[in-house]
Every structure is written in C-alpha cells, then in structure tokens.
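K.L.:
Spelled out, the chains give:
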Amino acid sequence: MSILVNKDTRLVVQGITGKTGTFHTKQCIDYGTNVVAGVTPNKGGQIWEDTVPVCNTVAEAVKEHGANASVIYVPPAFAGDSILEAIEAELPLVICITEGVPVRDMAEIRRRLNFSNCKTRLIGPNCPGIITPGECKIGIMPGYIHKPGRVGVVSRSGTLTYEAVWQLTQRGHGQSTCIGIGGDPINGTSQTDAIRMFNEDPETDAIIMIGEIGGNAEEDACTYIKDHVQKPVAGFIAGASAPKGRTMGHAGAIVSASGAGTAEAKFAAMEDAGVSIARNPSEIADALLRIYKG
Amino acid sequence: MNIHEYQAKRLLEDYGVPVPKGYAAQTSREVETAISHLSDDGKIVVKAQIHAGGRGKGTFTDGYQGGVKVVDGREAALEAAGHMLGNTLVTAQTGANGRKVQTLYLTEGCEIAHEYYLAIVLDRETAQSVIIASTEGGMDIEAVAATSPEKIIRVPIAPTLGLRHHHCRRVAFELGFSGDQVKQFARILTGLYNLFWEKNAMLVEINPLITTPEGTIVALDAKVSFDGNAIFQHPDIMQLRDLNEEDPKEVEASKHNLSYIALDGNIACLVNGAGLAMATMDIIKSFGGEPANFLDVGGGANEDQVTAAFKIILSDPNVEGILVNIFGGIMKCDVIARGIVAAAQNVELNVPLVVRLEGTNVDAGKELLRTSGVALTPADSLVQAAEIITQQVGAKHD
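Chains as they are written, first to last, in our numbering: chain A, 2 to 295; chain B, 4 to 401.
Derived by calculation from the structure, the hints in this document are not laboratory data.
Virtual Cβ for every residue (Gly too), placed ideally from N, Cα, C.
Check each hint, because a few of them may be wrong.
Below, in silico cross-link-like pairs of lysine-lysine (BS3-like), each with a Cα-Cα straight-line distance of 27 Å or less [what the hints assert, rightly or not]:
1) A:Lys148 x B:Lys369
2) B:Lys258 x A:Lys245
3) B:Lys369 x B:Lys288
4) A:Lys245 x B:Lys252
5) B:Lys60 x B:Lys72
6) B:Lys288 x A:Lys245
7) B:Lys60 x A:Lys245
Here chain A is said to cover these stretches of chain B; the calculated rule only asks that three of the stretch's residues, wherever they fall, bring their Cβ under 8 Å from a Cβ of chain A [to be verified]:
8) 121 to 131
9) 359 to 366
The task is simple: from the sequences and hints, build the whole structure.
P.N.:
Next comes the structure, spelled out in structure tokens:
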C-alpha cells in the first residue's frame, strides 16, 4: 500500500493542455496512473487527447470526476495560485512540479497549509513528483528505473534520486514509494514528514534520505530518526564541495554566508542518528545494503 | 539578485525611509556635479559601490586604503573619489581579485549619536518574515549574535497578517526609543517591511540605522537583495541589475537557460539536474580533483544548449578536462549523445573529455559516442568517470 499514492489514486492534472502537462500526463497514463480529469481555465468541456475530460476549476474536477490528488504543471507566475485553488478544493494530496515559484508565494501557502481545518498535503514545488512503483506515478520521473518493493526513498533532488533508485533496482531491491520533496527553501513536505510516513508504513522496511546543502531539513530529520525510527536508514548529502553564499541550482541549496546548512553539519547529524552514510553518490544503495538485507 | 547601496537607498526613499542626501557618480564629471550638491562646510562620505561588504576595511590594488572615506569638504571628497573610481577594491568578501569600482556614491556626512541594526529576512525554517534588530549596530551582526545573543531582538511576522503597529512599537521600545522616536521608528520599519514584501525581497538590512544628536533616525547604509524567482514580476527591479558584478560566463549561461556557477578548479562538469551536478562536483573533489564549475543543463539539454555549455566551459582558461554526467530519464541518452557529438564538433575541443551516460536508451547513446570519432573516454559509472578524468588531468601535470 505504501504511502500517499497507489492504484486507488484519482489524479487531476492542473495545466494538462500545456506542452509539459500533456507530455508527462501521457507518460503517467502509460505507466498506469488513473488520470480522471484535467484543469485548464477556459478549456472546460474539452476532452484532452480524446480521453480525459478538461474542467475549468479544480472544484469541478473533484465534484464531477472524484479527483483525490492533483499534479500542477503551471508556470511559476501562476503556480502558487493553482496550489491555493487545489487546497481550497480540499484535495488530500497536491504535487507541484513547477520550478521558480516565488518564495513569498510559498510562505503564504505554508501559512494556508497550517490552518487547522486544512485537508491537504502539498509536495513540492520544484520537485519530480511521487511514485509507488507498479501502482501510480505522478510527475516526471522515468517509470522503468523503479521496481515495487519495500524501500522508501525521499529526496530533494531529481536525477540524483534516479541514480539511487536505479542502483537499488539493479541490486534487486524495489521501492515502496519514492517522494521528491523538491529543491526549494520553503516547501510543502519535509524530509521529516516523509520519514515519519515511511516509519509508520507497514509496507516500508528501510529508508533512504537524499539531501543537499542549505537549511535544516536533514538535521531535523535526523533528530526524528534518532528518537523514533528503528528501521534501517541510509543517506547522502550533495554539495559538500559547493562554495558559501551561492545558490547551487536549487533555490534552497545554499550555504549561508555565516556557514549555516553545510554538508558537513548534515553528515554529522546523520552520523549521530545512526544513519548509514554514503560518502559518494555511486554508493547510496551500498550504504543501505550494508545495514539492510531485504 | 543583489543591488548597489545607492540603488537600495533610492528604494528606501520611495518607501518613506530617511537616508542622508546622496548622489551616484560614474564619471569624474558626475563626481564633480555630485560634490557640488553637497556642503563644503561639513563631512562628505565617498563610498565605492560594489556588491560586496567590508568596503570600509578594504584596500585597492594600487595600495589606496578604504572603500568608504569620510572626509572634510569638497576638495578632499574630489581627491578620494579620484583614487576610487575605476580602481579595483579588494575586501574580505570580494575574493583576492577584488572588484572594479565603476560607481561611487557621495553622501553628506551625519553626526551619529547611536548606531542600531535593523533587518527583515525571510526565514525558511518557519516560512515567515522576521524583523531582526539590535542596539549594537555598525558591526558584524553575526559576531553580536555569537557573543551577546540577548542583544538580538527577533520578531516573526506572519505572512498573511503582515507587519502591524504593535510589532513596530515592540521593537522600538526594546531598542530603547521613547516619545516621538517611537513614531519615527514605526514609520521607518513600516516602509522597510512594505519594500520587503511588495518587491519580493529576501533581505532588507540597515546597518547602521542611526540616531543623530537631535534625535532624527536615519538609514546610513542599506543592503537589499531579491528573490531571483520573483524579479520577473518587477521590471523596475530588473533594471537595477548590474551585469558588471556578475561573472560573464554566468551571464552567458543564463541566456541559454543553463544554470552555471564558475569555481576555481580545472575539471569542468556538465550534468542534468542540480542535485546530481552538486554530487558530480563532490565526487571529482573526492578523487583529488578540483571542480571548475557547477553546470546543470536541466531537463531539456538539446544540441544548442550542450554546444553553448561546452563553449562557456572552454572559455574558462583554467579548464583542463571535462566530465559529462547524464542520467537520462525522460531525456534519452542517444539524444544527449547526438548533442554532445555535435557540440564537440562545433567547438575546439582540446582537453580530455569523459562522458558517463546512464538511463533511457543508454546502449544506443554509448554506441553513438563510440562511433562518432570524437576524442572522448566513455565511463560506465560515476566513480569510474571521476577516476578517469582526474587521472587524465593529473597526467598532464606529470
């Protein structure tokens, strides 16, 4: 059953008629994801690719087509608004793929997510998405590198995650769910949130955390791991060689001028929490398989 | 995105925050004009404008000391300006090569009764704006935080509610203001917050915020930086960008939608994905090499982009080898391989090139590279790729 998405997920695609939305929706449908509707304002009533009904609003997609998750392929200027629309339609899961959402928009969205009656879990933005192999793929990750199994993977990265997943799959170990939480400094789901869900999931036996420089996400996760997680955990942090004060591609990947958010600090936190550490990206699966036999 | 102090001060004025009278100048004629507006009877401050701090303690490459000079009258201001304009200033934050000073800011001097620190930042951990204030202004705030944390005031502001007057009063009283100064301070903090929020700033920092002996509160310095994701919404802010303060290779890269950062080393990398690109730099370093750059070609990586990337990489005279690391997900390895081959034929490739491909259509991609005639070494894994390139580059030095 894994976490958050499975064969019962009914997906609405916000931005389905755009080039990116169309391309990736086709790939997800080919993988087996159940796409029940799309949303593009003013194109309500059309049928996308002769298969998927398009609605004007998310609320309509929920009401008419029973959507219970959304993925957002909307440009940065409007993505924040799309997220808020999905939250107000009370979707339990919203995944925002878009890179370049203004940080201020995300600060406001985080506030909205904290409302006591909020029903939504947001993943992203600036993320590859989420996949439960064999059941449901939402996002831009290549399906074929994954294999159903019992290792939970959470990561701030995209292609670096695919490296780790491919290593695992080739060694015969499949994944329960892989979550890309994305590279932005303010996002909907943290490393800790994902690890908590994996910890409580009876179908996940081991966890891999892939982090980057910048912020406290991995340190906070290690505090949680130390106090609550018995399952084997392995991890890697990218960016040990990055200079201070520069944003390394991902908006959240920056070691501050005062030295906060370094790779060393994160590796040290992992050490302290008993996480098996990969010192280079080719050894992420190895780091797990040292302590987990499957 | 960063801006100069004189640009930040203009924004502050737009938002009702008092700053000393000042004028920017980029030529000696403009310097003369600026100085003519300032009083000969008082102090004039001549300030080098660069996107780096530590200007006051910096030294110019010809030996002239100090990028911020407080002088008496116009003659002395003219002389200081003459030393600074067009000269190269090295500070603790510029790196050893320093930064050429193309703009000066000439302002009237201010009598200072007390220096305070006041800033607004967006805190990623709590996703809130935070007002940071201290009675210990005019110094390195990190040092104050380390030695006297009790002297740092922090007030979080919820994004959807914004700054309210009670926040302003609280900070004012904690800084020791009373009477009319509380009102002055509230106006200033409100102006700074409105600038911060309306223009999607990541940081608005006034260090020092001063009181004059008469009790007037003035912003003596200003540092403002903006969220790169949001400046497209602010054409007026985009106009403030100073390309001279940016590495020309980085400027060129952004024109091709490449994410590129110049570093000091000699092994260049070209990768798809920021996390994988950082990890590639890391592994080069772990094999004893020094990365020359960070470069993320993103999810597209068509032939034009790969060509542009190679050109930018090869324009760096320090580059002695290139490592291409691509994990093709949706992007197919044979498409990338064609891009690499075409690019390598478009540029003069005279350094070792190691290419590691993995993912979709990897066999077709590898075959294309093998039969291309381009001088490159294929690698099957990232470890092998890093090992080979560091050996090949190292071998050149033997």
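K.L.:
Tell me the numbers of any earlier hints that the structure contravenes, in ascending order.
P.N.:
Hints that this structure does not satisfy do not exist here, as all of them hold.
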